[in-house]
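Visitor: Based on the sequences and whatever the hints tell you, model everything.
Top line first, the protein sequences correspond to chains U and P.
Just so we're aligned: the first sequence equals residues 1 to 399 in full-length UniProt numbering.
Just so we're aligned: the second sequence equals residues 1 to 399 in full-length UniProt numbering.
What you were told as hints is all true, and nothing was included just to trick you.
Treat identical chains as interchangeable: a pair holds within one or across any two.
With a straight-line cut-off of 25 Å between C-alpha atoms, the simulated BS3-like cross-links for lysine-lysine are:
(1) 296 <-> 284
(2) 2 <-> 250
(3) 288 <-> 77
(4) 70 <-> 56
(5) 73 <-> 24
(6) 130 <-> 114
In case anyone wonders, no lab produced these hints; they're calculated from the structure.
This structure is a prediction, so every number in the text was calculated from the model and none was measured.
Protein chains: 2
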Amino acid sequence: MKLSNRIYDMPFSGTRKLTPYIEKAKEKGKKIIELYVGQPDIKTPEGFFDAIKNFKPEVLAYGANNGNPKLRKVISKYYKEKGIDFDWDEILITIGGSEALLFSLISICDPGDKVLAVEPLYTDYNTIAKELNIDIKAITTSPENGYHLPDREAIEALIDKDTKGILMNHPNNPTGTVYTDEEVNMISDIVLENDLFLISDEVYREFVYEGLEYTSFAQIEKIKDHVIIVDSISKRYSACGARIGNIASKNKDFINNVVKLCQSRICPPTLDQEGAIELYKTPKEYLKEVNNEYRKRRDLVYGLLSKMEGIVCQKPEGAFYICAKLPVDNAEKFLIWMLENFEDNGEVVMLSPIEGFYASEGLGTKEVRIAYVLEEDKLKRAMEILEKALVSYPNRTNY
Amino acid sequence: MKLSNRIYDMPFSGTRKLTPYIEKAKEKGKKIIELYVGQPDIKTPEGFFDAIKNFKPEVLAYGANNGNPKLRKVISKYYKEKGIDFDWDEILITIGGSEALLFSLISICDPGDKVLAVEPLYTDYNTIAKELNIDIKAITTSPENGYHLPDREAIEALIDKDTKGILMNHPNNPTGTVYTDEEVNMISDIVLENDLFLISDEVYREFVYEGLEYTSFAQIEKIKDHVIIVDSISKRYSACGARIGNIASKNKDFINNVVKLCQSRICPPTLDQEGAIELYKTPKEYLKEVNNEYRKRRDLVYGLLSKMEGIVCQKPEGAFYICAKLPVDNAEKFLIWMLENFEDNGEVVMLSPIEGFYASEGLGTKEVRIAYVLEEDKLKRAMEILEKALVSYPNRTNY
Numbered sequence: 001m002k003l004s005n006r007i008y009d010m011p012f013s014g015t016r017k018l019t020p021y022i023e024k025a026k027e028k029g030k031k032i033i034e035l036y037v038g039q040p041d042i043k044t045p046e047g048f049f050d051a052i053k054n055f056k057p058e059v060l061a062y063g064a065n066n067g068n069p070k071l072r073k074v075i076s077k078y079y080k081e082k083g084i085d086f087d088w089d090e091i092l093i094t095i096g097g098s099e100a101l102l103f104s105l106i107s108i109c110d111p112g113d114k115v116l117a118v119e120p121l122y123t124d125y126n127t128i129a130k131e132l133n134i135d136i137k138a139i140t141t142s143p144e145n146g147y148h149l150p151d152r153e154a155i156e157a158l159i160d161k162d163t164k165g166i167l168m169n170h171p172n173n174p175t176g177t178v179y180t181d182e183e184v185n186m187i188s189d190i191v192l193e194n195d196l197f198l199i200s201d202e203v204y205r206e207f208v209y210e211g212l213e214y215t216s217f218a219q220i221e222k223i224k225d226h227v228i229i230v231d232s233i234s235k236r237y238s239a240c241g242a243r244i245g246n247i248a249s250k251n252k253d254f255i256n257n258v259v260k261l262c263q264s265r266i267c268p269p270t271l272d273q274e275g276a277i278e279l280y281k282t283p284k285e286y287l288k289e290v291n292n293e294y295r296k297r298r299d300l301v302y303g304l305l306s307k308m309e310g311i312v313c314q315k316p317e318g319a320f321y322i323c324a325k326l327p328v329d330n331a332e333k334f335l336i337w338m339l340e341n342f343e344d345n346g347e348v349v350m351l352s353p354i355e356g357f358y359a360s361e362g363l364g365t366k367e368v369r370i371a372y373v374l375e376e377d378k379l380k381r382a383m384e385i386l387e388k389a390l391v392s393y394p395n396r397t398n399y
Numbered sequence: 001m002k003l004s005n006r007i008y009d010m011p012f013s014g015t016r017k018l019t020p021y022i023e024k025a026k027e028k029g030k031k032i033i034e035l036y037v038g039q040p041d042i043k044t045p046e047g048f049f050d051a052i053k054n055f056k057p058e059v060l061a062y063g064a065n066n067g068n069p070k071l072r073k074v075i076s077k078y079y080k081e082k083g084i085d086f087d088w089d090e091i092l093i094t095i096g097g098s099e100a101l102l103f104s105l106i107s108i109c110d111p112g113d114k115v116l117a118v119e120p121l122y123t124d125y126n127t128i129a130k131e132l133n134i135d136i137k138a139i140t141t142s143p144e145n146g147y148h149l150p151d152r153e154a155i156e157a158l159i160d161k162d163t164k165g166i167l168m169n170h171p172n173n174p175t176g177t178v179y180t181d182e183e184v185n186m187i188s189d190i191v192l193e194n195d196l197f198l199i200s201d202e203v204y205r206e207f208v209y210e211g212l213e214y215t216s217f218a219q220i221e222k223i224k225d226h227v228i229i230v231d232s233i234s235k236r237y238s239a240c241g242a243r244i245g246n247i248a249s250k251n252k253d254f255i256n257n258v259v260k261l262c263q264s265r266i267c268p269p270t271l272d273q274e275g276a277i278e279l280y281k282t283p284k285e286y287l288k289e290v291n292n293e294y295r296k297r298r299d300l301v302y303g304l305l306s307k308m309e310g311i312v313c314q315k316p317e318g319a320f321y322i323c324a325k326l327p328v329d330n331a332e333k334f335l336i337w338m339l340e341n342f343e344d345n346g347e348v349v350m351l352s353p354i355e356g357f358y359a360s361e362g363l364g365t366k367e368v369r370i371a372y373v374l375e376e377d378k379l380k381r382a383m384e385i386l387e388k389a390l391v392s393y394p395n396r397t398n399y
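Guide: Encoded structure:
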């Protein structure tokens, strides 16, 4: 018996190949500074755990298909305070941002349909698209210009009759790029004139630095019926394990029909929704402090990286990732070499090769993503180790 | 902009049409005895809440893609005690049984492929199949013989080159049917000789009555590489809101590839898995007591139903549902009539019309599902109201 072509065609996660090397290095007693997973070290606000402790029904029952109305209401309030107009019935709770993305793609694409997405892209986009027989047409960006968008002509050249939407990740994972108002407007014009949906994954909305004006695609009036927002509490409130996300849209046909998908999996987890309600009540100071902490980390890592010889890297505007092109033959080979053959005082650093973040084959072979999710001391030490490893690496190139 | 055909083709949940009538009846002050949702009233074991209260990490982090290894291990132990041989690495944790089903279907079917399933069937099968562009070919059963299977010839006639598997629900929701060893063997032979996968949804495994010998499809040695078990804690431990299910299979190619789907949604909820670990440690007495309670309820409801004139209904062997054909022109019309025009001392009873549980159009129009998820007193009263309503209904038929 053979499985389906769609499952065979799906890629494994990008770090899968590195996992056995990481395990072996650990067995040998090497200490690994882990900057390859987007798992924040910021404490989850106490309110989450308190809410769950205080919610003790006799029967842990199914909740509403569309999510707890109280949670939908606090999310609506959160949006409105950000200048984003969504009423509570335009918001559906999903099981993480990944389900929000899955539901959005099922709703706009049939098998064989296409969506445009900026690459390098969050690897899940690739995986979920393949699982649904959707083709991703890549809007390719590069480290040389901070992974910002190409011009309108280049983007429109990718659109054909099977293109149903554009999928933006704003701020972007893995690159940390925040799109300028000019870019946001350009994409909005393309969406409007080509009658496309715009799925905007804005889970890193709170991680935009230096008072940069952040414009959500949901704030662009002329495309309000085109926009589907994918969102999540995972990074915003450091609650990745809760698996609570949401969809928001003013497109009534879309919201009415996504309800069928909500019904098909009955409900998001009941307790985690209770916790999420409290998270959205966290004093605003919390998000400011977290933002400030990450900004400092970004400045530190970027500052150190940009002094290293041969590295191509622009200062990212958001999220908690920096992508950089390394002066090596191949980033994955370099990382495996580090795990097997290098150490500095018993320590190594682990980053993500981002070849798997490109939808186009053969791109990004020299690039890595650094998740600056640890304290400054550890980040400083990590950059020191990276620099030494790059000097020692036998297949170093002057790119 | 139009949405995808697949989302437009998906059906809404079966009770959606009744919801406004239910709300209006409640507004008028009618009391409704609710037997239309499979939400048990049994208390969730304390261990679940204790485990969650005691698990308080500083950061609510992502868990493992494949699920918490401790949970996978207690589930393996549970299976082995039931005589079902699954090691922990043959078990993947899913977000509810619905995700287990979604992942299984994606893994065995490409768009246009077919699976056979017994109808009336759990409505989610219909919904999830449409979302994935999979055709369900219905093995039709009927109330006259307790919804047991037709003969082998009739089933094999449904198989063609695009058929990838058979989806069984054993015990069955909505019918409560538990398949005999003869039926289990017949299905196994068909699977083996036609080289098909067998997805067996066994979430009601603990709800089999009167010491009936229950054979899991995972116990049939000759098809062990064909079998995919879909499972869940929702009904077993009355923890529907936790959204914890699992897949189990000895087919290595399947398990290895489903991991990609697990990666695509990162992890099941972290806290709920902690609770689920404790649930699987609940003393076995709990499951026996619950089984006994439901058996009593079934006997009560079946006893009363079978005395009502014109009802076609066999005693179901498992789950907590009874399906019955009513002496009415149309079951949904009858239920709406009851909500609008009937009451007995201010009370009505609400059941599920099961037309939506059939994949074939036009079948099941006179049948209802009764979920016996309330205490005996309430069930007795519900049957009394049903009988009176049937007598008063103007479009009663002698079927």
